[in-house]
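**Q** Residues per chain are reported as follows:
Number of protein chains: 2
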Amino acid sequence: MTYCLGLYCREGIVLLSDSRSNAGMDNIAVHRKMHVFEAPGDRVICLLSSGNLSLTHTVLELIEEDIQAGKAAHDTRHLMNQPSLFETARYVGSKIREVDKLDRAYLEKDDFRFNIHFLVAGQIGTLPHQIYYIYPQGNIMHADTDSPFLQIGESKYGKPILDRGFTSEMSLRDAVKFGALSMDSTMKSNLSVGPPIDILCYEKDALRVCHQIRLEEGNDYLKTIRQRWSAGLAELAKTMPELEFPVAGE
Amino acid sequence: MTYCLGLYCREGIVLLSDSRSNAGMDNIAVHRKMHVFEAPGDRVICLLSSGNLSLTHTVLELIEEDIQAGKAAHDTRHLMNQPSLFETARYVGSKIREVDKLDRAYLEKDDFRFNIHFLVAGQIGTLPHQIYYIYPQGNIMHADTDSPFLQIGESKYGKPILDRGFTSEMSLRDAVKFGALSMDSTMKSNLSVGPPIDILCYEKDALRVCHQIRLEEGNDYLKTIRQRWSAGLAELAKTMPELEFPVAGE
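Protein chains in written order, with the numbering used here: chain A, 1 to 250; chain B, 1 to 250.
The hints are simulated quantities; they were obtained by calculation from the structure and are not laboratory data.
Given the structure is predicted, the values throughout are model-derived calculations rather than measurements.
Some hints here could point you the wrong way.
[What the hints assert, rightly or not] DSS-like cross-link-like pairs, simulated, lysine-lysine; straight-line CA separation at most 25 Å:
{"hint": "1", "chain 1": "A", "residue 1": "LYS204", "chain 2": "B", "residue 2": "LYS238"}
{"hint": "2", "chain 1": "A", "residue 1": "LYS223", "chain 2": "A", "residue 2": "LYS204"}
{"hint": "3", "chain 1": "B", "residue 1": "LYS109", "chain 2": "B", "residue 2": "LYS71"}
{"hint": "4", "chain 1": "B", "residue 1": "LYS109", "chain 2": "A", "residue 2": "LYS238"}
{"hint": "5", "chain 1": "B", "residue 1": "LYS238", "chain 2": "A", "residue 2": "LYS188"}
{"hint": "6", "chain 1": "A", "residue 1": "LYS238", "chain 2": "B", "residue 2": "LYS223"}
{"hint": "7", "chain 1": "B", "residue 1": "LYS238", "chain 2": "A", "residue 2": "LYS223"}
{"hint": "8", "chain 1": "B", "residue 1": "LYS204", "chain 2": "A", "residue 2": "LYS238"}
{"hint": "9", "chain 1": "A", "residue 1": "LYS188", "chain 2": "B", "residue 2": "LYS204"}
{"hint": "10", "chain 1": "A", "residue 1": "LYS109", "chain 2": "B", "residue 2": "LYS109"}
{"hint": "11", "chain 1": "B", "residue 1": "LYS238", "chain 2": "A", "residue 2": "LYS238"}
{"hint": "12", "chain 1": "A", "residue 1": "LYS109", "chain 2": "A", "residue 2": "LYS188"}
{"hint": "13", "chain 1": "B", "residue 1": "LYS109", "chain 2": "B", "residue 2": "LYS188"}
{"hint": "14", "chain 1": "B", "residue 1": "LYS238", "chain 2": "B", "residue 2": "LYS223"}
[To be verified] Sample of chain A residues with no beta-carbon within 12 Å of chain B, all distances over it, derived:
{"hint": "15", "residue": "SER84"}
{"hint": "16", "residue": "GLU98"}
{"hint": "17", "residue": "ASP111"}
{"hint": "18", "residue": "PHE114"}
{"hint": "19", "residue": "LEU162"}
{"hint": "20", "residue": "CYS201"}
{"hint": "21", "residue": "ASP205"}
{"hint": "22", "residue": "ALA237"}
For glycine and all other residues, C-beta sits at the position ideal for the given N, C-alpha and C.
Whenever a hint applies, use it, and build me the whole structure from the sequences.
**A** Structure below.
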């Protein structure tokens with residue numbers, strides 16, 4: 001399973017992804033799901049992926065092929081020369097559609113779903129920063145201040161904490177905390193989501209990646225928030241008022 | 001959608017169910033999903049149901065038919081004359097298998113899944129109290145002190161809070177709080193789960209229902225825990241330590 005999360009803030013963007021991949025419980029591996037492309041001063045593009053690993057890998061290979069082709073022929077359309085983040089997201093969608101043509105029919109013959117989702121986040125030049133959600137059909141949507149987070153993969157366990165407290169107005173430092181708690185909740189309830197955890201915190205208008213970290217299994221920060229959040233939640237639950245039942249019968 | 005929850009405690013059992021039913025977002029109704037059968041001094045049996053409403057209704061009608069038949073003929077096997085809760089759960093499973101024979105093929109012709117789950121909870125005489133989970137295939141499993149809660153329906157949003165803090169050792173009063181918070185988290189993140197909320201709190205060896213309540217939409221207790229839990233969580237999240245990113249480049 002996979003959990004990737006994009007938090008849209010007025011001050012920038014926070015992105016998180018786990019790295020566990022499994023084909024059955026007896027086949028578990030580590031695969032990076034966050035891919036950062038940077039042209040400092042011009043643009044930062046970050047891709048997060050979930051779904052069938054062969055599909056996401058093929059999309060990433062096709063994207064890389066185009067980037068390499070672009071070095072030889074300047075009119076080649078590729079990930080890093082689109083005029084806007086919207087066009088960049090549409091470009092990633094077009095690569096998903098290429099893989100659809102390559103592989104979907106063969107997968108479906110053996111009852112595998114064409115399961116692939118991407119988040120495309122970042123900023124280009126003086127345009128606003130943004131996060132896009134790319135569907136398996138290649139169509140897209142984006143975050144906004146009313147719906148300031150986007151999730152792909154195992155999204156449900158990590159949603160309640162975001163629904164309760166995350167807003168696009170909060171500082172990037174606080175958004176990182178909410179993202180880490182959402183990730184921790186997902187790892188706690190679904191063992192097929194796990195470390196290393198990649199976290200990127202992008203300050204708007206930086207046009208370069210300044211804050212990025214990979215937290216390995218057993219990392220102190222992960223352990224600390226796991227312990228403090230669990231203890232705090234259990235304590236908080238007990239401070240809730242008692243439910244008064246009506247007196248029965250008689 | 002539906003959310004039903006059974007909490008197994010050493011002191012007894014806490015059960016919760018929502019009452020919202022929908023066939024598409026434009027067809028929403030209220031249906032009770034908690035059904036209590038009581039023979040004071042002898043046994044308390046509570047059924048919680050999720051899935052296709054026509055299937056769960058048919059199971060409940062068949063169960064009621066058997067109870068009525070039992071009044072005429074004492075050797076009729078029915079819900080309230082089984083020697084143990086295990087046999088009671090197996091009996092409910094046998095009713096699901098009857099409905100399978102009646103309806104499954106017709107549903108599947110139109111691509112409806114045979115979707116039906118039950119929880120069967122309670123106590124009979126001097127036997128231990130217990131909660132059983134009944135699958136659509138009619139087979140069963142039960143809760144225990146290692147896995148002290150069972151959920152049916154929309155289970156993921158309400159699981160994190162239980163994973164963090166609920167144990168079978170806690171008092172029934174605290175278990176009610178955890179159950180209410182789990183229900184509230186589910187309602188917050190999935191609008192197709194909603195009030196009235198039925199809550200039953202069974203003290204072991206009571207062999208009668210003493211604590212049962214229905215909380216309607218807008219109920220003060222529901223509003224209070226929604227507000228205090230949301231505020232408390234947001235506050236708690238901000239007390240988490242800040243993540244220190246490594247200093248970039250140079």
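**Q** Evaluate each hint against the coordinates.
**A** To see whether the hints hold, each was checked on the structure:
no., hint, in the structure
1, A/LYS204 x B/LYS238, "22 Å, holds"
2, A/LYS223 x A/LYS204, "30 Å, violated"
3, B/LYS109 x B/LYS71, "38 Å, violated"
4, B/LYS109 x A/LYS238, "49 Å, violated"
5, B/LYS238 x A/LYS188, "20 Å, holds"
6, A/LYS238 x B/LYS223, "17 Å, holds"
7, B/LYS238 x A/LYS223, "17 Å, holds"
8, B/LYS204 x A/LYS238, "22 Å, holds"
9, A/LYS188 x B/LYS204, "31 Å, violated"
10, A/LYS109 x B/LYS109, "21 Å, holds"
11, B/LYS238 x A/LYS238, "20 Å, holds"
12, A/LYS109 x A/LYS188, "35 Å, violated"
13, B/LYS109 x B/LYS188, "35 Å, violated"
14, B/LYS238 x B/LYS223, "23 Å, holds"
15, SER84, "26 Å, holds"
16, GLU98, "30 Å, holds"
17, ASP111, "16 Å, holds"
18, PHE114, "19 Å, holds"
19, LEU162, "9 Å, violated"
20, CYS201, "7 Å, violated"
21, ASP205, "16 Å, holds"
22, ALA237, "5 Å, violated"
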